[in-house]
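Under our numbering, think of the first position of the sequence shown as 41, with each following residue one higher.
It is possible that part of the hints are untrue.
25 Å max Cα-Cα, derived SDA-like pairs, lysine to any residue [said to hold, decoys possible]: (1) Lys-463 to Met-450; (2) Lys-327 to Val-387; (3) Lys-433 to Phe-604; (4) Lys-480 to Pro-498; (5) Lys-237 to Pro-469; (6) Lys-391 to Asp-239; (7) Lys-383 to Pro-469; (8) Lys-391 to Leu-267; (9) Lys-237 to Met-450.
Derived CB-CB ranges, DEER-like [what the hints assert, rightly or not]: (10) Leu-431 to Thr-470: 56 to 64 Å; (11) Ser-138 to Phe-586: 39 to 47 Å; (12) Ile-290 to Tyr-218: 52 to 60 Å; (13) Ser-138 to Ser-537: 53 to 61 Å; (14) Asn-163 to Phe-547: 22 to 30 Å; (15) Tyr-218 to Phe-547: 22 to 30 Å; (16) Asn-126 to Glu-210: 47 to 55 Å; (17) Ile-427 to Tyr-464: 18 to 26 Å; (18) Phe-586 to Ile-427: 39 to 47 Å; (19) Leu-538 to Lys-383: 15 to 23 Å; (20) Gln-472 to Ile-607: 32 to 40 Å; (21) Asn-184 to Asp-294: 34 to 42 Å.
Read the hints as simulated data drawn from the structure, not as lab findings. Quick reminder that beta carbons are idealized off the backbone N, C-alpha and C, glycines included.
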Amino acid sequence: MSESNRNTILAILLIGLILVLTPSYLRFINPPAEDNLLDPIKVDSPYLNYQDPVTKSAPSILGETGTFINPIISTPKKSVVNEEINETFITIETPLYSAQLSSMGGGKITKWVLNDFLDHNSNPVKMLHSLNSGNLGIRFTDVNRDTIDLSDFNWLSAPENQTYYTLNYEESTEISFYTPLNNGSTIRKTFRFSAEKYDFTLTLDVAGLAGSTIDNRYSVFWETPLLSTEMYLNDDMQYARALTLLGDEIEEIDASAGEIEREYFDGSVSWAATRTKYFTAVIIPEKGSSNKVMLKSSGRTTNDDELYKSFGMALDIPVVNPSGGTSTMLTVYLGPISVDILKSYQVDLQKMMNFGWGFIRPIGRAVLWSFVKIHSVIPNYGFVIIIFSILIKILVYPLTHKSYVSMKKMQDLQPIIAEMKEKYKDDQPTMQKKQMQLFKEKGVNPLGGCLPMLIQMPLLFALFTVFRSTIELRGAEFIWWITDLSSQDTLFTLPFSLPIYGPNVNFLPIFMGLTMYLQQKYSGQSSATEQQKLMGYFMPVFMVLFFNTFPSGLNLYYSLFNIFSVIQTKYLSNGIFSKMKKDAKTG
């Protein structure tokens, strides 16, 4: 074995060793947090079950200047509201969702089920924690610096005796909750639900608070974690965040195992949200009605050593007219992260979507737009990917064809290049100069063979993002066992997990590796150097390992692109290559 071949093999083995050992190294330098770390947010999950040990005793959420101090609020004084009101539940059924409100806290949402979306158990998606820790509650600080938390008491409702509503398309209804405080002030919360939207409006009417609060302001909070809806928890939690739009800037926080984080932001609040991979809870205040927001996060390690994230948020609302009354309207959205739906609110909600970074972002948007348009004609995203692959191949054909011609010319020059290497083996500068002269005379670009891959890479990154994070591809079926193009096409699961590869044996990554091998073979590997031939075997195997956990839609696209490249090289280009040989002989 030659020295160069030996070095190539050693390099490949070293790369493989690094890839295998990296996960173990990361676990070594970042050990999981101790289990006794406290988490203030209860987590409702099929992956874990534990009780929240945190007691509700903390300072006010708003200080004298209206700055957030602590989101864990002390129990309010018993004298604030009438405790003799019994808890009632109100159900709202629409074509899009089923919701349940409790009189506790004046309309706490205890259930929100999306009828058109299924979880990994084929049940309608439940968005919210079943042991609800509170949402859309109101807190303020009284003149004695006591925190008044109105979320722990039952409110009166109106209409008083109606507890079930069914709304058909274009129908809407209003439900009010109100509580007269013992100091004579009144707070009313009016919900307005529409059948054709995933949102509702919440109007907050506050009257008679003059002299009751320390700074004439209150906060509206959301502390209910969103449930994980996907089969693979890590995949869902990778996208989980709490975020807010202040002016034109997105601010967001992530969660870490065993840690509680709170971040406070000043500025004109366009919206605040918590999200998972595909679903979100958003509070949209009226323009200019809120200029402070708090985001909260916590993380918990499950029994399977996976991270479950929980998030909360609170908006500061000033009372403009304390002696009279102040009315503020919020829009609350609980639904899918769909670009068209989010855009319709005209507050840049679509900015929460992840289309990649930098120049990849517009490509991702263009890919999703193309998919949706084609899908409106062909209602199967698998066939949409086939059509899209053909269109992309036609689009890049002039560039890739030129690249293949350059590669063929380079192969024909290999005997001459080999002679140059032997002749000038002791004079590298001269050899490189002679090679460049040869390339110029024959019209060969030595980097031309890289062009197909360079063209593909930005598109592959964009496709990866679209397949993994857009609701349009979630649960999109193709044929036979490929039931979700946004996830893996698993044939069977191993009783153990392989490094890089994972526990699932998927068909499309293997098929993609075979098509990649054929593509390299027909692109001229027969005249390649030993190192190039060895790499031609290594790369397909590496790509099978690397792409095994990627969405099946991405593997389908890459396989199709390779197949079309083989067709282009073997059939469409044969006539050109034959003409080149004929011209070379006659020339």
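Evaluated hints:
Straight-line distance between C-alpha atoms of Lys-463 and Met-450 comes to about 19 Å, which keeps the hinted pair within the 25 Å bound. The hinted pair formed by Lys-327 and Val-387 meets the criterion: a straight-line CA distance of about 10 Å does not exceed 25 Å. Between Lys-433 and Phe-604 the alpha-carbon distance is near 7 Å, which keeps this suggested pair within the 25 Å criterion. With a C-alpha separation of about 29 Å, the suggested pair Lys-480 and Pro-498 falls outside the 25 Å cut-off, and the hint is violated.
Between the alpha carbons of Lys-237 and Pro-469 the distance comes to roughly 70 Å, so the proposed pair goes past 25 Å and is violated. Between Lys-391 and Asp-239 the alpha-carbon distance is near 18 Å, which keeps this suggested pair within the 25 Å criterion. Straight-line distance between C-alpha atoms of Lys-383 and Pro-469 comes to about 59 Å, which puts the hinted pair past the 25 Å bound. A hinted pair counts as satisfied when its Cα atoms are at most 25 Å apart, and Lys-391 with Leu-267 qualifies at roughly 22 Å.
At roughly 60 Å between alpha-carbon atoms, Lys-237 and Met-450 are farther apart than 25 Å, so this suggested pair is violated. Here the CB-CB span from Leu-431 to Thr-470 is close to 47 Å, at odds with the stated 56 to 64 Å. For Ser-138 paired with Phe-586, a C-beta distance near 42 Å keeps the hint of 39 to 47 Å intact. Take Ile-290 and Tyr-218: their Cβ atoms lie about 36 Å apart, and the range 52 to 60 Å is violated.
With their beta carbons about 38 Å apart, Ser-138 and Ser-537 fall outside the hinted range of 53 to 61 Å. In this structure the hint that Asn-163 and Phe-547 lie 22 to 30 Å apart at CB holds, the actual value being about 27 Å. Distance hint for Tyr-218 and Phe-547: a CB-CB separation of about 59 Å, inconsistent with the stated range 22 to 30 Å. Range check, Asn-126 to Glu-210: Cβ separation about 34 Å, and the 47 to 55 Å hint is violated.
Judged by the Cβ atoms, the range 18 to 26 Å given for Ile-427 and Tyr-464 is violated: they are separated by roughly 51 Å. For the pair Phe-586 and Ile-427, the beta carbons lie near 26 Å from each other, so the given range of 39 to 47 Å is not met. Distance hint for Leu-538 and Lys-383: a CB-CB separation of about 42 Å, inconsistent with the stated range 15 to 23 Å. For Gln-472 paired with Ile-607, a C-beta distance near 36 Å keeps the hint of 32 to 40 Å intact.
Taking the beta carbon of each, Asn-184 and Asp-294 are about 37 Å apart, inside 34 to 42 Å as hinted.
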